[in-house]
Every structure is written in C-alpha cells, then in structure tokens.
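Q: Sequence:
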Amino acid sequence: MEPLTTARIVLRSQRVDVDAIAQLVASFALTPPLWYNVAPPKFWGCREDWTEADALQSLKWLHARHPEPLIDTCNGWVDKSIMDNAARSGYLSVVRFLHEHRTEGFSYEAINDAAGNGHLEIVRYLFEHADAQFFTVYALEWAAAGGHLDVLKYFHEHVPRANDKWSKSVFRSAGANGHVGVVKWLLEHRTEGGPSDAAELATVNVVKYLLLNTNIEATIVMMTVVVSSGDLELVRYLHEQRGVCCIDTAVNYAVKIGRLDLVRYLHEHLAEEWSAEEELADARWIEAHGRSFWAYGGDQGELYTTEPLDIAAANNQLEIIQYLHEQGYDATTFAMDEAAAQGHLDIVQFLHEHRSEGCTTYAMGQAAKNHHMAVVKYLHSIGRKFLHENRTEGCSTQLVRNIVRSNHRPALEYVHQHKIAEIPTSALSLAAELGHRDTLAYLYEHCLSDGIVAQPQLVLDAIEKVIVGSKSEVLEYFDSKKTGPTQVYTTKAMDKAAEAGNIVAVKYLHDHDHGGCTTDAMDKAAANGNMWIVRFLHDYRSEGCTTEAIDQAAANGHADVVRFLLEHRTEGYTYKAVDMAKKNKHLEVLAVLPDYRVPWKYPGGGPGMGEKKKKKKRR
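Following this note's numbering, the numbering of the sequence shown begins with 729 at its first residue and continues without gaps.
Some hints here could point you the wrong way.
Stated by the list, open to error - Pair ranges (Cβ atoms, derived):
no., residue 1, residue 2, range
1, R970, N1044, 27 to 37 Å
2, D976, T864, 37 to 47 Å
3, R1133, D1267, 30 to 40 Å
4, W789, R1133, 46 to 56 Å
5, L988, D1207, 56 to 66 Å
6, A999, E1141, 51 to 61 Å
7, S1177, L1315, 51 to 61 Å
8, D976, E920, 29 to 39 Å
9, L988, E1173, 43 to 53 Å
10, R964, S1109, 38 to 48 Å
11, L1315, L762, 48 to 58 Å
12, R1133, D1239, 27 to 37 Å
What the hints assert, rightly or not - Taking lysine-lysine and the DSS-like style, the derived pairs with C-alpha atoms no more than 30 Å apart in a straight line are:
no., residue 1, residue 2
13, K936, K1097
14, K1193, K1209
15, K1147, K1105
Hints in this document: simulated from the structure, not taken from any laboratory. Here a beta-carbon is modelled for each residue, glycine too, at the ideal position from N, C-alpha and C.
Take these sequences, add in the hints, and give me the full structure.
A: Listed below in structure tokens is the structure:
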C-alpha cells in the first residue's frame, strides 16, 4: 500500500486536530516568524499580501513559544514596539491579544499613530480597556492633518485628559491639509484656536470657507493662495470686496500656472505701494513655502529668479511672455536659458527678436545635452551677430561635455563641423568612462585625431577610465585602432582593473596580450576582497604578489582571500596581518593565519613588534 494512502486511512480513522498538525508541519518546514514581522515597524510599510489575520497567527505562534517579556537589546527596557506597531497598522485583534495575554504594554506612540491614521476602534479600545495614559499633542495634530473628524470627536467627548493637548496647531494642521469639515467643527467646538490659525497655511478650499463663513480678515497671503488655485472669481472677491491688494508674488503664481486671464487682471490692478505689514506677510509666505520658482545649476552656479517673464519662459507660456513684454516687465538671461534647455524654440526666437537680455553658455549646453538640435542650430545661427554683447556663449567646453554625457553624436558632429566650440582632449576620457562608443569614435577619428598622434597618452588616460567603468566595448574599439601588434597598454591598465574589481577588463587585457600587470594587481585585488580576480591572476598570470596581499586582506577581514593565498602562494605575510586583524577584530582571519605567535615567521618581527630598530650594544 502506498505511504500516502496509509496516511489518509490513519488520519480518517482517528480524531485529529488538523490545525494542530498544520501548525506542527509549518513550524518544521517554514521559516519561523519574527516579532517585528507581526506588525511592521514605523516607516517600513506592510507587505501587500500581509493581513491582520497573518499578523495574529504569527503572534500566537510566537507567544506560545516565547511567553517571557520582550526586552529591547539596545537599552535593556521592556520592548513596547509590538503593540505600538499593531496600533499604527490598525490591527485591533492583535492589539487585543497583546493586551490580554502579554505584559509589554504600549507607549505614547500607540495612541499617536492610531489617531493619526484614523483607527478610531484602536483608540477607543486603548482608552476603555487598556487604561491608556500617555499620548502627546501629535495625536490630535495628526488626526486633524488626516481629516479624521471621528477621532477628534472621540477625544473631545470621551478623553478629558486631552484638554491640555488641544492647541492652535490642531487648527493649523486641518487647514493646511484642506479639511474644511474638520476646520468647521473645530471652530464650533474648540476655543484654543480661531479662523486666523486655520488660515495660516490653509489650502484654497479652506481659505474660501473662512472668507465666506467667518469674520476673518482677508490678507495678501490669502490672495497668493487663491491665485495659485486659479480661482479668478475669488481673486476678484478678495480685491474688489475685501480690499486685498494685488502684488508681484501673486502675478508670479498666476504665471506659474499658465493663466493669462489671471495675469492680466492682477497686472491691471497691481498695487503701486505695499504696507510694511503686507511686505512682511508676503516674505513669510515665501519663506514658509520655499523658493517655489525655478533654480538651475549651470556653469555659473545655481541661479534663482522672481521675474514673471523668466518664469513664463521656463513654463513654455508664449502668450504670457508676449503680454508681459508688452507691459514692460523685466527679464534676465534665465528666460532664454531655460527655454533653450527645454527645447522651446518659439520662445527662444521671440526672446531673441524682441528682448536684449540674451542668454549664457547654459542655453546651448543644455539644449545640446537634451538633444534639442533645432535650438542648438538656431543659437548658432544668431550667435555671430551678438559676439559684442553676451552671446559668446557658444564657445564653451561645458557644451561639449554635456553632449558627450548625453551620447548625442549628431550634436557633436554639428558643433565640430561648425566650429562652435573647441573640443577639449578630456572629452575622450569622458566618453570612454561613460562607455559611449559612437561618440568616442567620432572624437577619436575626427575631433582629436591630430592631438592623439601628438599625445598618445590621451588614449592611455582614456583606457584607465574604461577600466574603472567596466566598458569592454570601448577597449575593443581602442584595440581596433592599434597600429600594430607591438602597441599594448601599460601594466597600469590591468593593475587598475584588478583594483577596481573589474574582472571583465582584467580578462580582456590578458586575452589580448597587453602589457600585463605588476604585483600591485593581486595585492590590491586581495586588499579589496576580489577573490575571483585574485584566483584569475594566480591561475593565468606570473607576476604574483607581495606580502601586502595577505597583510591587507587580513586587515580588511577577507578571510576567504587570506585562506586562498596561504594555500596557493608562497609570499607569506608580515606581523601587520596579525596586528591589523586583531585591531579590527577579524576573528575569522586570525583563525586562518597559522602560528601567528611564532616571531621568526615574520620578516618585520613578531606580531605587535612593529618595525623597531635594533639597539646597539654598548662596549
């Protein structure tokens, strides 16, 4: 009879707890769960297929085998994180089991996170069954920020000890996250804050509610918020009925969202003068929200603009640019730079034909880097007319570097053929390092051919970059350009490849009979723990290594490399190997090193002796 059939007959004839058998088999065959898997720690996030039932099952398994209290190994305290994490995840059954069967308890984070995530049932259970005592102001702030009105109501109605936790920040959190219903309830039921607190960082829907339903004073900050939302009618209301002036910051936001109607209205009603209070409020708004316009890093470092025409150019808003130009707005080189970088040829043409600010080297460099050849050609075509102004920007080595980095051969060909910029010799090494073979080939064969003949070192420098970058196809290209079989790379190439851990390059250089290597190759590969390279050099090369190989491998804890070198090489090691392994607590390495206490086995003296000079005997 088959074993499986026998098993079925036995199981059917007996009263068997199938769940118990399943647990037994699982405990034997599967990886046992860990405590921190019950509910993932904060900021870890859950597995998509992990459920509350999975967490409870894992918890029961762990509790049955480890009923003793958990201790945090870092500080020796009782570890409360399991219930904290379960509360944050909303696992009520897990929280209940932990409370009823274990003694670790929970910290203030349980209430804070459960409230912040809207887990009302968890909050209620902890207060009503677990006698929760500890929580902070964040419980209320996070609940307000998340729009969890039911949680806030529970604290208001059932947790009198939370009275000292209510504050203006709760109003501010609700307003900043656009929860009109929460703001409305707070204004009706709590007195710790008011409309101005809710409006401090409020979204437009909250601002609109406060303006139409409370006696709040309208401010220029509200104007900026409303403009950024694109609500023209509310902008009109603020200016015409509430007396809020239109300011430059509001114009910038209207430009940023591409609303010409808003730009036109704000410009037509732009305030000529601001009060000191209005200027301060506007400055605070910009500080609170960061420099939310455009900054870029070109050859001249990071630049920042608040000119609306610049912002329009960066956002491809040609109609707005035309309107602002007609109204006499200023601009900077930022406008054409960003338009060129993003490939907006029509804007570049308009700015060139109607403005005088020009551009910088950033314009053509970024246009080429981003493959906007039409812009590159246009800038080149107009460049000669403006050499006396500020359009000498085509002549930049950064332009070539950008093209090489983007591997855009057509742009490189255009720049070279039209002599837009001088091609620096460093471009060859850059293309080699990045593995851009087509671009490299054009540089080698057309741009730098004369320079390479005069300075063969340029190729060797480029090859060193290839070695680090693991680009064997570039090595193949350089090999195809050799003038004869005697032309080989220096030993430095394989040494660097071995040090960088580039086994592909090491094998390539070896297979194609280049200049070999030195003992540095195996020494540095061993120091970096590159076992495959150490083994390859031992098997196929004859240069060998020095005592530095084991010394450095031991110092860095590479026990497998130390073991291999001891078994297959004869160079040995010095006292440094033992001293550094002991200092760095590499016990596995010390176990591998034989007889390290015998002083005469070490050229530099016994372990720990160092390179001490012998004292002369007195006569």
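Q: Compare the structure with each hint and give your call.
A: Checked hints:
no.: 1; hint: R970 - N1044: 27 to 37 Å; in the structure: 34 Å, holds
no.: 2; hint: D976 - T864: 37 to 47 Å; in the structure: 41 Å, holds
no.: 3; hint: R1133 - D1267: 30 to 40 Å; in the structure: 38 Å, holds
no.: 4; hint: W789 - R1133: 46 to 56 Å; in the structure: 54 Å, holds
no.: 5; hint: L988 - D1207: 56 to 66 Å; in the structure: 60 Å, holds
no.: 6; hint: A999 - E1141: 51 to 61 Å; in the structure: 53 Å, holds
no.: 7; hint: S1177 - L1315: 51 to 61 Å; in the structure: 58 Å, holds
no.: 8; hint: D976 - E920: 29 to 39 Å; in the structure: 35 Å, holds
no.: 9; hint: L988 - E1173: 43 to 53 Å; in the structure: 51 Å, holds
no.: 10; hint: R964 - S1109: 38 to 48 Å; in the structure: 46 Å, holds
no.: 11; hint: L1315 - L762: 48 to 58 Å; in the structure: 26 Å, violated
no.: 12; hint: R1133 - D1239: 27 to 37 Å; in the structure: 30 Å, holds
no.: 13; hint: K936 - K1097; in the structure: 45 Å, violated
no.: 14; hint: K1193 - K1209; in the structure: 17 Å, holds
no.: 15; hint: K1147 - K1105; in the structure: 12 Å, holds
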